[in-house]
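Trainee: Construct all of the structure, not just a fragment, from the sequences and the given hints.
Number of protein chains: 2
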Amino acid sequence: MPKTSNKPLILITNDDDITSPGIHNLVAAVKELGKVVVVAPEKPQSGMGHAITIGEPLRMNKMNLFGDVEAWQTSGTPVDCVKLAVDKILRRKPDLCLSGINHGANHSINVIYSGTMSAAMEASIEGIPSIGFSLLDYRYEADFTASKYVVHKMVSRILSKKISKHFLLNVNIPPIPLSELRGIKVCKQAYAKYEEDFDERVDPQGKKYYWLTGKFVNFDKARDSDVYALQKKYVSVVPVQFDLTNYKLKAELEKNNLFG
Amino acid sequence: MPKTSNKPLILITNDDDITSPGIHNLVAAVKELGKVVVVAPEKPQSGMGHAITIGEPLRMNKMNLFGDVEAWQTSGTPVDCVKLAVDKILRRKPDLCLSGINHGANHSINVIYSGTMSAAMEASIEGIPSIGFSLLDYRYEADFTASKYVVHKMVSRILSKKISKHFLLNVNIPPIPLSELRGIKVCKQAYAKYEEDFDERVDPQGKKYYWLTGKFVNFDKARDSDVYALQKKYVSVVPVQFDLTNYKLKAELEKNNLFG
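Residue numbers (our numbering), protein chains in the order written: chain S, 1 to 260; chain E, 261 to 520.
There may be inaccurate statements among the hints.
[To be verified] Straight-line distance between alpha carbons at most 25 angstroms, and here's what the computed SDA-like set of lysine to any residue pairs gives:
(1) Lys233/S x Glu180/S
(2) Lys215/S x Lys353/E
(3) Lys250/S x Arg483/E
(4) Lys62/S x Trp471/E
(5) Lys291/E x Phe259/S
(6) Lys215/S x Gly315/E
(7) Lys303/E x Pro57/S
(8) Lys421/E x Asn257/S
(9) Lys43/S x Pro304/E
(10) Lys467/E x Ile89/S
(11) Lys153/S x Glu514/E
[What the hints assert, rightly or not] The following label-pair restraints were derived from C-beta to C-beta distances:
(12) Arg157/S x Gly315/E: 32 to 42 angstroms
(13) Gly214/S x Lys295/E: 21 to 31 angstroms
(14) Ser160/S x Glu455/E: 24 to 34 angstroms
(15) Trp211/S x Glu330/E: 17 to 27 angstroms
(16) Asn517/E x Val202/S: 55 to 65 angstroms
(17) Arg201/S x Lys413/E: 42 to 52 angstroms
(18) Gly474/E x Arg92/S: 11 to 21 angstroms
(19) Lys295/E x His152/S: 50 to 60 angstroms
(20) Glu460/E x Asp220/S: 45 to 55 angstroms
The set of hints was computed from the structure by calculation and includes no laboratory data. Note that CB positions come from ideal geometry on N, CA and C, so glycine has one too.
Mentor: Okay, structure coming up:
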C-alpha cells in the first residue's frame, strides 16, 4: 500500500454514532497501526443505506472523545461523513477506511440497507480501500474483545500488502468468545431477504401508525455464503463491489433483442 | 408473466414525492396496461439511497390524486413505500413494480444514491420484476412526452414475456424530443464518481455549514456504458442486481489466503 508519510492514514466512521462502543473499540484495535482520524455521525444512522444529504446543509464539529486521536462529528449520514472527510477534513487521501464496528449483523442482504457498509462503499468509490466490520450483537453492552482481535489481525495483514484502490470487504463477526472462533472465511453474500410484518398501532388521536419489523429468511444453501460461515462460527468476509450491472441479464437482453 | 387476474397488477412508486409530474406521467403511460396502485412518499426523498425507517413509525394515507387509480402517500422512504405496499396495501404480489419517472439522471454511479432505483431494487429483492425510469431533466417543468412513449413501449414488451422474478432495470432517458431518440440500448453501469466540493458558508451566528456539491467525472471509455449511450441519444437500459459480491476478488483472496 502506498504511503506518503511513515504511518498509513486510516479514516474511521460508523453508522451507530460517534459515542457508540463499537467505534471506540475499532479505534482501540487499530490505533497503533497508523494515524487514525475519526469522522462519524452525531446521531444514530442505522438503516440509512447509501443516503446522502442534499436538501439541507451539513455541520461538523471537532470533538475530544478519543484521547489523542483527531475526531469530528457531523450532522450527516455515514456516506456524508466519508465525503466530508475526503473533501474538508483530511489533508491527503487515506490509505484505508474502516467502518464500524457495527452493533448488529450486516451479512447477506443487510449490505444493501447498512449505513456501515454504505460508508465503506463510498470510500471504495473514492478509490480508498475499505472494510466494514459488524458484530452480531446489537446491544450497547456487546463484548468487542474477540472483534478487536479480528480487526487488528485483518488490518495488519492488509496494510502489509499491495491492494487495489477499490478493495472493499464486508466483515461480520459471530458473538462468541475468541477461543470459540474457528477462523476467517472468504464468502459470497447469502441470498436472503426480510419478510415484512409491519406492527400496526393506533395513536392517542385514533390514527393508525406502523413500525417496520420483519423476519429474516435465508434462501441460500451454498456452503460459501456468509450466513453459513457465521453459523459455523467463522468470521465471514464478503468482497463487495459497486458495479451493480447484472452482466448475465445484459447478455440475455442483447441476445433476445427485447426492446429492439 | 404469471397473472392471477385478467389484468397485471402494477405497483408504482418514486422518490420525488407523490405530487411530482414524473410519477403522474408514469401512471398515465401504463394505466391502460394493467391495474395500477400508487404508493409514494409524501415528501421529496431524492438521494435517500436504500434507507429504511427503523427509529420512528410510519404513516400512510389514501389519496385522491390520480383519478380512478388507487393511491397512497406514506411518511417513509421509497424503500419503505415498497415494503408497506407489499405487506399492508396490496392484496396480492404485484406482477411489476415501476419507479419514477425521476426528475434527473440515475445513470452510472447514481444507481447507488438513487431513491428511485432503491425502491425498484427493494421490489426485486421481494421477487417482483421492477424498472426504475429517469429523465435527464431535473426541472419540475420537464417534458415527459418522449419518456411516456418509451415507458409504454418497454412495459408492453415486458408484460408480453415471461421474465424472471428478480428482473431489474435502470432506464435513463435523454432530454430530447422523441423524433431525435435513436433507440433503446442495453448497457453496463459506467464507471464514474462525483468529486465532492462542499460549499462552505457562515450562518448569521458565525458558525460554518456545508452544502454538498460535486462534479460528475466519468472514467469509463467503454462503448457499452450507459453514459455513452445517453450521449449518443439512446435510452440506456442497465440490468441491475442486488448480489454485491465481488466474485473476482473473492477468488483472489481464496487463492492468496490473505487471512489464513
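Trainee: Now tell me, hint by hint, if it's right for this structure.
Mentor: Hints, one by one, checked against the model:
1. Lys233/S x Glu180/S: Within the cut-off at roughly 7 angstroms; holds.
2. Lys215/S x Lys353/E: holds (18 angstroms)
3. Lys250/S x Arg483/E: holds (14 angstroms)
4. Lys62/S x Trp471/E: holds (18 angstroms)
5. Lys291/E x Phe259/S: OK: Lys291/E and Phe259/S at ~20 angstroms, within 25 angstroms.
6. Lys215/S x Gly315/E: Roughly 17 angstroms between the alpha carbons, so the hint for Lys215/S and Gly315/E holds.
7. Lys303/E x Pro57/S: Given that 25 angstroms is the threshold and the Cα spacing comes to 18 angstroms, the pair holds.
8. Lys421/E x Asn257/S: Status holds; Cα separation ~12 angstroms.
9. Lys43/S x Pro304/E: Measuring from Cα to Cα gives roughly 22 angstroms; hence the hint holds.
10. Lys467/E x Ile89/S: The hint holds at about 16 angstroms.
11. Lys153/S x Glu514/E: At roughly 17 angstroms apart (the allowed maximum being 25 angstroms), Glu514/E and Lys153/S satisfy the hint.
12. Arg157/S x Gly315/E: 32 to 42 angstroms: At 36 angstroms between Cβs, range holds.
13. Gly214/S x Lys295/E: 21 to 31 angstroms: Given about 26 angstroms between the Cβ atoms, the range holds.
14. Ser160/S x Glu455/E: 24 to 34 angstroms: holds (30 angstroms)
15. Trp211/S x Glu330/E: 17 to 27 angstroms: Because 24 angstroms falls inside the window, the suggested range holds.
16. Asn517/E x Val202/S: 55 to 65 angstroms: Holds - the Cβ-Cβ distance for Asn517/E and Val202/S, about 57 angstroms, lies within 55 to 65 angstroms.
17. Arg201/S x Lys413/E: 42 to 52 angstroms: holds (44 angstroms)
18. Gly474/E x Arg92/S: 11 to 21 angstroms: Roughly 19 angstroms apart at Cβ, these two residues keep to the hinted range, so it holds.
19. Lys295/E x His152/S: 50 to 60 angstroms: holds (57 angstroms)
20. Glu460/E x Asp220/S: 45 to 55 angstroms: holds (46 angstroms)
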